[in-house]
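Visitor: Sequence:
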Amino acid sequence: RRLQMESSFAHMGLDGRLLQAITELGWAKPTLIQEKAIPLALEGKDLLARARTGSGKTAAYAIPLIQHLLQLKMSPSVMEQAVRGLVLVPTKELGQQVLQMIRQLTAYCSRDVRVADVSGQVDMSAQRPILMEKPDVVVGTPSRVLAHLQGHSLRLRHSLEMLVLDEADLLFSFGFEEDLKNLLCHFPKIYQSFLMSATFSEEVQALKELVLHNPVTLKLQESQLPEAAQLCQYQIRCAAEEDKFLLLYALLKLGLVQGKAILFVSAVERSYRLKLFLEQFSIPACVLNAELPVQSRCHIISQFNRGFYDYIVATDEQVLAEPTARAKRKKGAKAEKGKDPEYGVARGIDFQNVATVINFDPPPSVESYIHRAGRTARADNPGTALTFVTHPECPLLAEIEEALAGESTEPVLRPYQFQMEEVEGLRYRCRDAMRSVTKQAIKEARLREIKEELLNSEKLKVRVRPLLLQGVNPTALRGLLPGAHRRAGCSEVSLGIALSLGWGVGAWPHMG
Numbered sequence: 001r002r003l004q005m006e007s008s009f010a011h012m013g014l015d016g017r018l019l020q021a022i023t024e025l026g027w028a029k030p031t032l033i034q035e036k037a038i039p040l041a042l043e044g045k046d047l048l049a050r051a052r053t054g055s056g057k058t059a060a061y062a063i064p065l066i067q068h069l070l071q072l073k074m075s076p077s078v079m080e081q082a083v084r085g086l087v088l089v090p091t092k093e094l095g096q097q098v099l100q101m102i103r104q105l106t107a108y109c110s111r112d113v114r115v116a117d118v119s120g121q122v123d124m125s126a127q128r129p130i131l132m133e134k135p136d137v138v139v140g141t142p143s144r145v146l147a148h149l150q151g152h153s154l155r156l157r158h159s160l161e162m163l164v165l166d167e168a169d170l171l172f173s174f175g176f177e178e179d180l181k182n183l184l185c186h187f188p189k190i191y192q193s194f195l196m197s198a199t200f201s202e203e204v205q206a207l208k209e210l211v212l213h214n215p216v217t218l219k220l221q222e223s224q225l226p227e228a229a230q231l232c233q234y235q236i237r238c239a240a241e242e243d244k245f246l247l248l249y250a251l252l253k254l255g256l257v258q259g260k261a262i263l264f265v266s267a268v269e270r271s272y273r274l275k276l277f278l279e280q281f282s283i284p285a286c287v288l289n290a291e292l293p294v295q296s297r298c299h300i301i302s303q304f305n306r307g308f309y310d311y312i313v314a315t316d317e318q319v320l321a322e323p324t325a326r327a328k329r330k331k332g333a334k335a336e337k338g339k340d341p342e343y344g345v346a347r348g349i350d351f352q353n354v355a356t357v358i359n360f361d362p363p364p365s366v367e368s369y370i371h372r373a374g375r376t377a378r379a380d381n382p383g384t385a386l387t388f389v390t391h392p393e394c395p396l397l398a399e400i401e402e403a404l405a406g407e408s409t410e411p412v413l414r415p416y417q418f419q420m421e422e423v424e425g426l427r428y429r430c431r432d433a434m435r436s437v438t439k440q441a442i443k444e445a446r447l448r449e450i451k452e453e454l455l456n457s458e459k460l461k462v463r464v465r466p467l468l469l470q471g472v473n474p475t476a477l478r479g480l481l482p483g484a485h486r487r488a489g490c491s492e493v494s495l496g497i498a499l500s501l502g503w504g505v506g507a508w509p510h511m512g
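So in full-length UniProt numbering, the last spot in the sequence shown is 512, and the numbers never skip.
Among the hints, a few may not be true.
[Claimed, not checked] Below, in silico cross-link-like pairs of lysine-lysine (DSS-like), each with a Cα-Cα straight-line distance of 30 Å or less:
#: 1; residue 1: K219; residue 2: K244
#: 2; residue 1: K73; residue 2: K189
#: 3; residue 1: K260; residue 2: K189
#: 4; residue 1: K45; residue 2: K181
#: 5; residue 1: K439; residue 2: K451
#: 6; residue 1: K439; residue 2: K260
#: 7; residue 1: K29; residue 2: K244
#: 8; residue 1: K208; residue 2: K219
#: 9; residue 1: K244; residue 2: K443
#: 10; residue 1: K134; residue 2: K208
#: 11; residue 1: K29; residue 2: K219
#: 12; residue 1: K189; residue 2: K45
#: 13; residue 1: K189; residue 2: K219
#: 14; residue 1: K73; residue 2: K29
#: 15; residue 1: K73; residue 2: K45
#: 16; residue 1: K260; residue 2: K451
#: 17; residue 1: K181; residue 2: K134
#: 18; residue 1: K29; residue 2: K260
#: 19; residue 1: K36; residue 2: K189
#: 20; residue 1: K181; residue 2: K208
#: 21; residue 1: K73; residue 2: K134
#: 22; residue 1: K45; residue 2: K260
Derived by calculation from the structure, the hints in this document are not laboratory data.
When you get a sec, could you build the whole thing from the sequences and use the hints?
Guide: The following block contains the structure:
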């Protein structure tokens, strides 16, 4: 396998240290996007590349970026340390993923190529010392990178050589249009650019005009999802809302879902309802949503990848909103209460070894379905996507089916066959569990989560931790806040405490 890998990548003329890191990652051969993009990037060409989720887009730009930096470091002319690579991402979670990928690829040249991620919402003052050391590559969201440029802790005008826009179609959709235009004022006139995207939307065409110069367009001829032999897709018709809970319980109890699974729901409240429902049957699951601080979300993803949880319940309201609605968010507009505007799950996040994606609530669009289902059957691994649908949701399912089937007469989302007589015996237990999950129980679960985050906070340890350990309700902590936050609802109290101590929304430290 090692010889096969080396013969596949070696012809690209990569540095030996980079090849060694690729060997350790176990990559037997380049993926299609890597095979096409890396040689062109090494020639210095601008690239506009479309490839489906899970196709290896991150490495397709990270490898030539690292190779270029290594060649510069070996140049006989003495060059001062500077930031020469910039990777812009739409979400903080994707920023963490890109950081980890570059660190893995620079495992044998970490002294020569240093990378920093500034996408997380920690205090900018804490990031300035890192940027003052001038890492070779900076990863971040457009808003945070722009803030550092305007604060003079980051300078790119005379040093930037390579720019990457990852998940480019989301950058405009997340309201970063003005930030991106302002960023261009801080760049030199000449630099190499890569736009990596899962779709070629109007937003991507607009970005192409802004940052690319005579680009090579890679529009790979591959299906948006893996073939049926690799990804099995099913629909599960439910007569009523109760049947969704019943059939999910049956799938898990009867062992019909094996391995790790992501359960997508439509709203935060639904995620806690489903989590508490599963807990009634001693089925542990964790919740990932936009109300959690970025450190906690990354920690949960890490635990899921390491096998601490088999089931993760995810909401993805920002990504799954309609593109026009997302684009209407003006610069400086406030996100929905308690929500992190740079949160995203369906796209960009590397959940590892996911065997099954369960759309407990169907996605609101075909694009959303593709990106949810793209969390499984990655690389050469098999996977399954199950979509629960009630009668009112059938028109949406038909739209998804039509888009995926194309000209084929064979159904893509096949009916999942249940032996309902076996399932009916579980209904009474299911109803009891559903009755136990009241609105009050959901509220208390969310408060417990807030309390845990406050307890884990280093900054609140002295002022708040003793009170919480004495059993004080988090809502009673309004007295610690400025007047505006004292009038906030309970879910805003924790955010208000964070803000009053100088943190950004969603930036509470997670010590796990």
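Visitor: Next, verify each hint and record whether it holds.
Guide: Hints, one by one, checked against the model:
no. : hint        : result
1   : K219 x K244 : violated (38 Å)
2   : K73 x K189  : holds (23 Å)
3   : K260 x K189 : violated (47 Å)
4   : K45 x K181  : holds (22 Å)
5   : K439 x K451 : holds (18 Å)
6   : K439 x K260 : holds (28 Å)
7   : K29 x K244  : violated (41 Å)
8   : K208 x K219 : holds (14 Å)
9   : K244 x K443 : holds (22 Å)
10  : K134 x K208 : holds (28 Å)
11  : K29 x K219  : holds (20 Å)
12  : K189 x K45  : holds (15 Å)
13  : K189 x K219 : holds (27 Å)
14  : K73 x K29   : holds (27 Å)
15  : K73 x K45   : holds (21 Å)
16  : K260 x K451 : holds (28 Å)
17  : K181 x K134 : holds (23 Å)
18  : K29 x K260  : holds (26 Å)
19  : K36 x K189  : holds (27 Å)
20  : K181 x K208 : holds (12 Å)
21  : K73 x K134  : holds (14 Å)
22  : K45 x K260  : violated (40 Å)
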